[in-house]
Each structure stands twice: as structure tokens, then as C-alpha cells.
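The whole structure should be built from the sequences, with the hints applied where relevant.
Here are the chains, one letter per residue:
Number of protein chains: 2
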Amino acid sequence: MNRQWKLIARPTGMVKRSDFEFTEAQVPTPGPGEVLVKTQLLSLDPAMRGWMNEGRSYVPPVGLGEVMRAGGLGRVEKSNDPSLLPGDVVTGMLGLQEWASVKATNLDKVDLHLAPAPKWLSALGLTGLTAYFGLLEIGQPTSGNTVVISGAAGAVGEVVGQIAKIKQCRAVGIAGGAEKCAYVRELGFDAAIDYKSQNVRAALREACPQGIDVYFDNVGGEILDEALAQLARGARVVICGAISQYNSTEGFRGPKNYMSLLVNRARMQGFVVFDFAARYREAATAMAGWLKEGRLKTREDVVRGLDTFPETLLKLYRGENFGKLILEVA
Amino acid sequence: MNRQWKLIARPTGMVKRSDFEFTEAQVPTPGPGEVLVKTQLLSLDPAMRGWMNEGRSYVPPVGLGEVMRAGGLGRVEKSNDPSLLPGDVVTGMLGLQEWASVKATNLDKVDLHLAPAPKWLSALGLTGLTAYFGLLEIGQPTSGNTVVISGAAGAVGEVVGQIAKIKQCRAVGIAGGAEKCAYVRELGFDAAIDYKSQNVRAALREACPQGIDVYFDNVGGEILDEALAQLARGARVVICGAISQYNSTEGFRGPKNYMSLLVNRARMQGFVVFDFAARYREAATAMAGWLKEGRLKTREDVVRGLDTFPETLLKLYRGENFGKLILEVA
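Top line first, the protein sequences correspond to chains A and B. Following my numbering, the numbering of the first sequence begins with 1 at its first residue and continues without gaps. Following my numbering, the numbering of the second sequence begins with 1001 at its first residue and continues without gaps.
I should point out that these hints are in silico values taken from the structure, not numbers from a laboratory. Careful: at least some of the hints might be erroneous.
[What the hints assert, rightly or not] Label pairs and their computed distance ranges (CB to CB):
1. E1320(B) with A286(A): 53 to 59 angstroms
2. A1277(B) with D275(A): 32 to 38 angstroms
3. T142(A) with I1166(B): 53 to 59 angstroms
4. E24(A) with T1249(B): 54 to 60 angstroms
Owing to the predicted nature of the structure, the values given are computational and were not obtained by experimental measurement. No residue lacks a Cβ here, since even glycine has one placed at the ideal position from N, Cα and C.
Printed below as a string of C-alpha cells:
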């Protein structure tokens, strides 16, 4: 049988177990060009909350009664496509289930000799690509720039700060709690700001005496406003996420300080990593090189048990994860 | 004597007469390199409200007890600089007063044979330059784009829409009231939306079936949010002003729909016209040409009497002006 999580209600506020149904279906039979994959690891991402909402976004919402969308890594068990063989390890949109039948063209084969399985969902997966293209293409940092990253101990944030350092920038991370801040410093960030215990405005001023050249935002809310207030002339604000807002029952909070974009001749720009698909190989090669050289380190927070999904997902929104949050299915 | 308006209090909410003092001083004696100018016309601009506030901005705030800052046009009466002669007509920062002593290098000589005096504060002044560089450099419209302009019957907005038409774009104006909307249509905009009587969301959807490629924002607040909700893929949002917010006693309202920048891979960017000073001549030449050809029309709303300043300024914030609001001093 195929255990799976289906979305059965559009959540209001924080996601809860009753928004989902944990159910069983037949293991699917792959059709022509399809591959049967046994899920091993599932990527839990802040963006999942948005996929549960109705309305137009960069991907369609998950339909009620459908298996919850999720990226993952698994092993090919049966293949109706010559490009993949049983035993191959692949990543792709597997969904929150034990078995997935997916078109071979929508899967990427990975090499576990190059990096262990969890890295293929973090640094070497969409998470790493998001950090790479978001920072380099949208943020366009130049050597000597001050780059500030919110959610700095999270899956994307930790990578952004390290790429900023590789590109000769000053990297300042904002994270919640002393332990996360210690981790961010350990990764080589020049400074870490604990938004839970520090005055973010004063701390940003101290850490960025010349202002912020690139602000990479994963959180939205008050921290986005504080960063806007400290922009340098010509700054670039990269909108990658807004995790502080996804579960709000009062709607999104807009950045009150957005007129700082005028005062500082700055821009705020969003992006979706899929648009860079043609350049994934370039990025993955760079990331793999930095990983191998020890210049890029990532942490994966692996929680075991498909049945724990709703509670494990909440770790993200409560800020309890370190690095990439992964659900281990096997 | 030199009658002048001094700022004596930092306004809270709407500007009021008691925030200023209407007083008299000696007519100044121009120093070396300076010119004595008799003010004829003063430019009343939404941005003035920001200049009255304390705090860092793109220009320093007007100090308490200082003559209120204002751009204007006047006649040279005495000159200590060979570049200007008595009788020359000039524009520059004259301040809210009858006489100003200004460095000749900070004044621009204008030719009233080319265009009547009020045009030198609207289409051919900073207002026109703001529209020109904001739309073309920050908005970067291309032929066939849909350009939406808020404050479309205002001094900057009316020019932006007409330049958009000259550049083969579809121009949609948002303005308050039937009379303003009729004016906007008369200027050649493809559509006008009356935010006072229409549902802006529905009207934008109808007027922009392919979404908004360039949104030129003069107003902020709810209208900014409605425009963000209708962005096309890759849209550019030009932040020129936020007149709906300047007098708020509850602080600025941030754009709640800013995550539309992510969904639509769009950017929101601010600018200050002064940064384009090296290209003013290029823009002024283009604008003068369009004026002469009849492809660009502007309206100037001239109110007589320096003593009416506080009340006349309020016309802007109440949306009572048509086109450029000018105070006639003489």
C-alpha cells in the first residue's frame, strides 16, 4: 500500500493536522514514459503553506483531496523509460507519499557518490539553486558589498550568506536565538543578529555602518521593514519568501518603509527559481565545487516518519529547524 | 520688504496654517556670485510634506524657523554673476518668499518665447523631468506595454501617460472623480479609472486584460495594492510618490500585496530626479519638441497670493488640483 497525505481543507492561520488526511492508496502502476519511485526523503519548505491557499500564484494551488505537493528523493523501482533504471536515485516532485509514479522527464538522477542523499535536497537541490540565483542574479552583489540575510540559519539563508562570502562580500545574518546565531557565525558570516533578543534596528546599524547593499529576505514582516530602513544608496532587496506572514490570520503585513526605495534609489525584486532552469547545471557545478572545497557547508535537519508531517512542517513556521528540514520516509 | 513663509512646527497629519509663520524680512543683498530674484511663480509639490518631517531623506528636512523650501520662477533684479543679467527669467529653489538671493550656478535661465512661464514649472521643469526619467529609465516601457498611472490628472501623472502614448504603450490613468477622468481621456489615455466611484480592482482587470507591465505610482496606499495584484510577468513598479500617505497620522501603510513581486518576477524601484541632472537637457529638448508638436499637453492650476500658501497646498492633498499646482506671487 501507498501511505499518503492529502490536503482536505484550506488552512486558516497555522497549518494543523486536521487540514490533512493520512490515508492509504494502491501503489500506482507507472504508465508509458513513467517511473515508479519509492520515496526516501521529502523536502519540507516554507512555500508549502502558500501552495495550500486558493488563488493565483507561481504554481497552481494543491487541490482539495489531492496528495500534498512536495519535492523529494527516492529510488526507482520500476521504469517505463529507457533513461532511468531500477536502483537509480532521483529527485523531483514526488508528493507526500511513499510511492510516486512520475514522468521520467520530470526527474533528475543524482549521484550519491558525489554527496549524500540529504544534500541533494539542500545545497544541491532547489534550495541551493534558489540561494544561488536569488543572490547572484537578483541581488547582484559586488565585491565589498554588505549583504544582509534574514532566516540566515534556514536552508536558503545559510547558503546565501556563504555564497556572499565566496563573492568577497560582508555577510550579516539575522536569525532567532543564540544557538542559531552561533551557527551562522560558525558558517563564516561576519555578524549575526538575534532578532529574538536584540534590537534589530540598532544591531543592523552597528553591523552595517555603510548601510545594506543587498538584503535577501526570507521572512517579511518587521524584519523586512528594519532592513528597508537601513538601505544603502542603490540597494537591491531580493524577495525570496515571507515566512513570518504565511500563517497570519490578518493577511500580509506590507513593508511600511517601502519609500526607502525612493530615498535610496533602491529596488525590491521577486523571483522564482524555475525561471533559471536552463542554468541549473552551471549553478549545481559551482555549488558542488564549493561543497567539495569545504567553502560551503549546509546542515540538514532530518525528521523520521511520514506520519509526523503536519507537526514536522510546523518546525519551519515556529523557527525550530536548523538548515534544511527534511522528512525521512523509509 | 520680503514677505516669506517660515516653517515653525513639524506638522502632525494634515499641514495647517499654524505650522507656518507668515512674516517679513529685509530684501536680501546678493553676495559674490549671487543673484537677487523677484519670485513670480512657486511650484507646490506633494513632496513638500516630506520636507517638513524630521529624519533622513533624499534632501535634508527644512529646519524649524527656516523659509519653507520651494522651487519657483522669477526675474533677476540684481546680479553679481556675469552669467545672468537683470531682466533674465530663471527657475530654481527660491523658497516661499517674494525675494530670494541665490547662487547663479543654482539657477536655470528660461526662454519665455519658447513656452509661457507656468510651463517651466510643469512640463519643462522638474515635474516633467520626473515623469520622463521615472517612466523611461525606471519603468522601461516597451511598445505595446500596458502602463498604469495613479494620480493621472496630477502634474507628473498627466505627463507620464502622454509619454507612454508617445512610446506606443497603452496608458491607463487612475484619478479621483469624473471630471479628472474626463480630462485624462481628453489627454489621450486609453482608459481612465475613477477610484472614487469605481471598484479599482474590477476596473483595472477590465482595462488591463493582459495585466500591468509598468505601474507608475504617485499615491501609495490601497491603489498601490490593487495595482500590485494585477501585475503582469516581469512588471516594473515605479515609486515616484505616495501622496495618500504623507499626511497619515498612523504612519505609512505598506503594500500588503508586495509578494506579487515574487509571483510575477517583478520589481519595485524608487528614484530621485536629481540623479539624472546630467541628462536634463536631453529630456527638456524631447519635452519641448512634443509640446510644440501638440503631442504633450499640460494643465497648470495657478492660484494667486503668497498669503494663501497653506490652504493652497492642501488642494494637493485633498486631490483638488488639475495638473500642476502653482502659486502666483506677484
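Comparing the hints with the structure gives:
no.: 1; hint: E1320(B) with A286(A): 53 to 59 angstroms; in the structure: holds (58 angstroms)
no.: 2; hint: A1277(B) with D275(A): 32 to 38 angstroms; in the structure: holds (36 angstroms)
no.: 3; hint: T142(A) with I1166(B): 53 to 59 angstroms; in the structure: violated (36 angstroms)
no.: 4; hint: E24(A) with T1249(B): 54 to 60 angstroms; in the structure: holds (58 angstroms)
Of the hints listed earlier, the one the structure fails to meet is number 3.
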